Amino acid sequence: MKKYIIIIIFTLLAVFAYSENAVVSSFNGKVEVKLTPNSSWEPVSVNMEIPVGAVISTGFNSSAVLDLGTSTIQVKALTRMKIEELVASQQKLSTDLFLNFGNISADVEPQEDIEHNFTLKSPISTAAVRGTTFEFNTITVTVTGGTVTFSNLLGQQRTVNLGGSSRTSGKDLPADIKDMLTESSTVPANTSALSDREGIILPGDLGPGATGTLTITWTYN
Amino acid sequence: MRIKNYLLPVCLLIFLLSSILSFSIDFGGTFGNISSFSTDEDKGYFQYNRLSAWLEAGTKDKFNFLVQGSVSVSPNSPDDIIFLGDLDFLLISGKWAIEDGDLALFGYNTGRFGFSDFSYSVLRHNADGLSLTFTYSSSVITFGAGYTGFILRPSSDIIMSLADSDDKENNEVWFGCPRLVGYAELKMPDIFPGHTFYSSIVFQKDLRNEDNLVSEGEEVKSVDNIGGLLDSVYIGTGFSGNIVSTLFYNAYGYFQTGRTMSYLADESSSTNFSYQYKPIFAFLLGTEFNFFLKQALYSQISFKFLFASGDSDYNTFLEGNSEGNATMFIPISNKIVSVLFNPYLSNIFLFDIGYSIKPFSRLGNRIMKNFSTGLNTIVFMRPTEGAISEEDLNDNSDSRYLGTEIDSVTVFRPFSDLAVSLSFGFFIPSAGSDKAFNTDRKFEFLGKLYVSYSF
Chain L
22 MKKYIIIIIF TLLAVFAYSE NAVVSSFNGK VEVKLTPNSS WEPVSVNMEI
72 PVGAVISTGF NSSAVLDLGT STIQVKALTR MKIEELVASQ QKLSTDLFLN
122 FGNISADVEP QEDIEHNFTL KSPISTAAVR GTTFEFNTIT VTVTGGTVTF
172 SNLLGQQRTV NLGGSSRTSG KDLPADIKDM LTESSTVPAN TSALSDREGI
222 ILPGDLGPGA TGTLTITWTY N
Chain F
192 MRIKNYLLPV CLLIFLLSSI LSFSIDFGGT FGNISSFSTD EDKGYFQYNR
242 LSAWLEAGTK DKFNFLVQGS VSVSPNSPDD IIFLGDLDFL LISGKWAIED
292 GDLALFGYNT GRFGFSDFSY SVLRHNADGL SLTFTYSSSV ITFGAGYTGF
342 ILRPSSDIIM SLADSDDKEN NEVWFGCPRL VGYAELKMPD IFPGHTFYSS
392 IVFQKDLRNE DNLVSEGEEV KSVDNIGGLL DSVYIGTGFS GNIVSTLFYN
442 AYGYFQTGRT MSYLADESSS TNFSYQYKPI FAFLLGTEFN FFLKQALYSQ
492 ISFKFLFASG DSDYNTFLEG NSEGNATMFI PISNKIVSVL FNPYLSNIFL
542 FDIGYSIKPF SRLGNRIMKN FSTGLNTIVF MRPTEGAISE EDLNDNSDSR
592 YLGTEIDSVT VFRPFSDLAV SLSFGFFIPS AGSDKAFNTD RKFEFLGKLY
642 VSYSF
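Taken in order, these protein sequences are the chains called L and F.
Read left to right, the first sequence gives residues 22 to 242 (this note's numbering).
Read left to right, the second sequence gives residues 192 to 646 (this note's numbering).
It should be emphasised that the hints constitute simulated quantities derived from the structure, not laboratory data.
Note that the structure is a prediction, hence the values are computed from the model and not measured.
Glycine residues also receive a C-beta, built at the ideal position from the N, C-alpha and C atoms.
Don't take every hint at face value.
[Stated by the list, open to error] Here are the computed lysine-lysine pairs in the DSSO-like style, where the Cα-Cα straight-line distance is at most 30 Å:
#	chain 1	residue 1	chain 2	residue 2
1	F	Lys286	L	Lys142
2	F	Lys253	L	Lys192
3	F	Lys560	L	Lys97
4	L	Lys142	L	Lys51
5	L	Lys192	F	Lys286
6	F	Lys485	L	Lys192
7	F	Lys251	L	Lys142
[Stated by the list, open to error] If we take Cβ atoms under 8 Å as the criterion, some of the chain F residues that face chain L in the derived model are:
#	residue
8	Leu282
9	Phe439
10	Thr478
11	Asn481
12	Asp608
Turn these sequences into a full structure, and let the hints guide you.
Quick look at the structure:
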């Protein structure tokens, strides 16, 4: 009797929590997939199902769009990404992707009454989202909709909102979003390769906002 | 045997060892040129050229060595220093990953490097010392201590006492002021989503020989304008983060305590005055808002407010307390807030509104996109009628408004290793018989041309 109860429980779990496949919506150029660790690379086709554990790879000037049900992933050129988990139940969705290298853009739709844990990892960082649009290239995340929690290998995190971006080398604290925006909005006058090193004050560096060290002074009388 | 016979084998050995031990070597340098001209008779026309060279070696994790030296040449420098060679920094640093417990990373810096607080408003200066950093998943804790007495005088910007000021003007003095500086800082990124918390304690201890200074209890005012020691401690806290979308804020405050030599009324003195050490109770407040509009040619709108407490009893900026406790905020190093008028953040409050843009950023031209220009308007005032660090104050006026400055800064960086910066500052002082400055202070214009090339 106990054996039948266990079988029923697992059957119910299978009904309410099942593994999904990603589907190739479109592609261009050279896009290949390795369905299992022991299989060889094969070219993708439209509507092809990509199971959990598969690795997708794009070549030069190539891209692919994957439909993961409630989220869409654009895999850009020279990218390799593995689908680690795609599990759906009545009240929870779990999507786990691993980006070996390259660049992807993701659009994750928020779901009412369903908890969706979407996690995108790289060798040095993790981006966790719930209903957002963002780009990620293993080092830098740029958010174009919603909010992303961006973490480094030490578990230190930054919350990145709409319009912001952050980056990390793995063990460095994810960059402050305001510093990233300042970097893109200003042009530094000091060309030294050491100008942005922590703990380094360059000679003649007069602090934030300053641009030089010496003055041409006119006193008008 | 000649040295050159060993040169190739040595180079091959270094290359092999570097490959085996993951030991990397890198080097480079920067050349900077500034030309200036002034109608001020004391300044005139002069050239300033600086050549810096750096070398970096190490394993990039547990051991890293970085050194930079520089040589500057200024043929007609106003302070008579024509040629100066200096060690800019010498840094040995490393990081260890910790796998047990909550501590994730341990890092160290030692040598000559930059010490600063989180706001840059209290301390930002090189010193010779050590810092240790303990990184946890939710916080970063840093301790540091250093000595400033080995920094060459022209490279030292710490002026907190009369003795510091006297040495700064004395060409026979080789080194900057001898002070022990230190700090302990706690940083908690994302303490609330999108917000960072800072807390720090900064201190500096004056290590001058007291035998050369005024002693407590002396009754006759020093004719050589010599003062005493000045020690201080700063306790600060701050928050920064994202308000909405691309609108950011930064707010912080510091409380300063310590001691400063004061020449005060003393009934027991034969002169009715005497030198006494009085405690310092002062504060600094700062806030900043930045709004970014990337879609509008990378526009940025900024608003800044800084308030440094003053003391109406200060008759001079340095050690000028003449009654009661000292309430004028005195930072360890000066923070540059504008192109031209840069008083110490002591008895000052200012409002700064700025706008910057990269007008060619959407042209698609790789060279022209690195062109930015901006405009700032800064209004300077003082909280009390006491002294500030600038000269020409009107002793007969208690006016708080000091003047307004308008700055324009343009930077063009066509290549990553070449940049040109042109800055202009127009300062309109509040000068007159009943104004903050006396009538000698006129409208001032300042221009800076800076060229930087790296190799």
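Hint check results:
no.: 1; hint: F:Lys286 to L:Lys142; result: holds, 24 Å
no.: 2; hint: F:Lys253 to L:Lys192; result: holds, 13 Å
no.: 3; hint: F:Lys560 to L:Lys97; result: holds, 25 Å
no.: 4; hint: L:Lys142 to L:Lys51; result: holds, 24 Å
no.: 5; hint: L:Lys192 to F:Lys286; result: holds, 9 Å
no.: 6; hint: F:Lys485 to L:Lys192; result: holds, 29 Å
no.: 7; hint: F:Lys251 to L:Lys142; result: holds, 24 Å
no.: 8; hint: Leu282; result: holds, 7 Å
no.: 9; hint: Phe439; result: holds, 4 Å
no.: 10; hint: Thr478; result: violated, 14 Å
no.: 11; hint: Asn481; result: holds, 6 Å
no.: 12; hint: Asp608; result: holds, 5 Å
The structure shown violates just one earlier hint, number 10.
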